[in-house]
Amino acid sequence: MQQNDAQIIDKRQARGAFDRAAGSYDQAAVLQREVADRILERLDYIKHVPQRLLDVGCGTGYTLQPLARRYPGSEIWALDVSLNMLGQARRKPSLWQKFRGRFRYVAGDAEQLPMADASVDMIFSSLAMQWCVDLDRTFAEMRRVLKPDGLLMFSTFGPDTLRELRHCFESVDDYSHTNQFIDMHDIGDALLRSGFGDPVMDMEMLTVTYDDVMAIMRDLKQIGAHNVTQGRARGLTGKRRMQAVSKAYEQFRQDQRLPVSYEVLYGHAWAMDNIEQGCAVPQSVNVSFDAGRS
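Just so we're aligned, residue 22 is where the sequence shown starts under the working numbering, counting upward by one.
Note that these hints are calculated values from the structure, not bench results. Be a bit skeptical, because a hint or two may be false.
Claimed, not checked - 27 angstroms max Cα-Cα, derived DSSO-like pairs, lysine-lysine:
hint	residue 1	residue 2
1	Lys242	Lys260
2	Lys268	Lys32
3	Lys113	Lys268
4	Lys242	Lys268
5	Lys168	Lys268
None of these values were measured; they are calculated from a predicted model.
All chains, full assembly: derive it from the sequences and hints.
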């Protein structure tokens, strides 16, 4: 999958941003919690009980206890690229859960998982894949560590995410000021290439509103989600440029609030058995749209 500088994530910068944001993340991650709740609800319709579950990109651990309650007999591994995020996650479970050894915490990258082949029954990942440089490599790693017929359940962002902010910065200069996100159909194709079967994708648009542009930028910084692409401008955005962006954003104001759009993609697929022996890979992805929820 060919990418330009506006799409390529600087992983070192991303890790540093999340390390710095670990202490403030929970205060600002309203949308992230909402998406996590929605992907957790989707598990109601999937009959699969894992013995070992891997939460890829666990962040500060918001999903760990809901997953533990849903799968009371499961061992849950929490993985994140940020040591500081993992430190926050370790403080979340109750003492009895820690005593029983329900959770394992491991620092690692989704593109190079520190897990043995076929060692996991289920991978759960909420809003982490957009920080991966190579989606094919990411899915290949997830397929590698999943047991045959294991489940991958994930959410990520689509290309219309932050569209208002991106439009306003494009009117100011030619640099990349927001991360770029991969189309739903390209994600489905990558799943098929990596040996997953029966992939299902769906999308919904969610909107968060703010008083002004500075509040938007502040929230993005607090969750570590500011621009870390290779095509970003080096150095601080000047006061005059931010004033121009703020002025441009006013065209989107509704009911005295500024909207920020998020195209949220949800997907799940199954690790196919005997893919190495040439098992046929389906050539289609089931796709649905739900753009009415906000």
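Checking against the hints above, which ones are violated? 2, 3, 5
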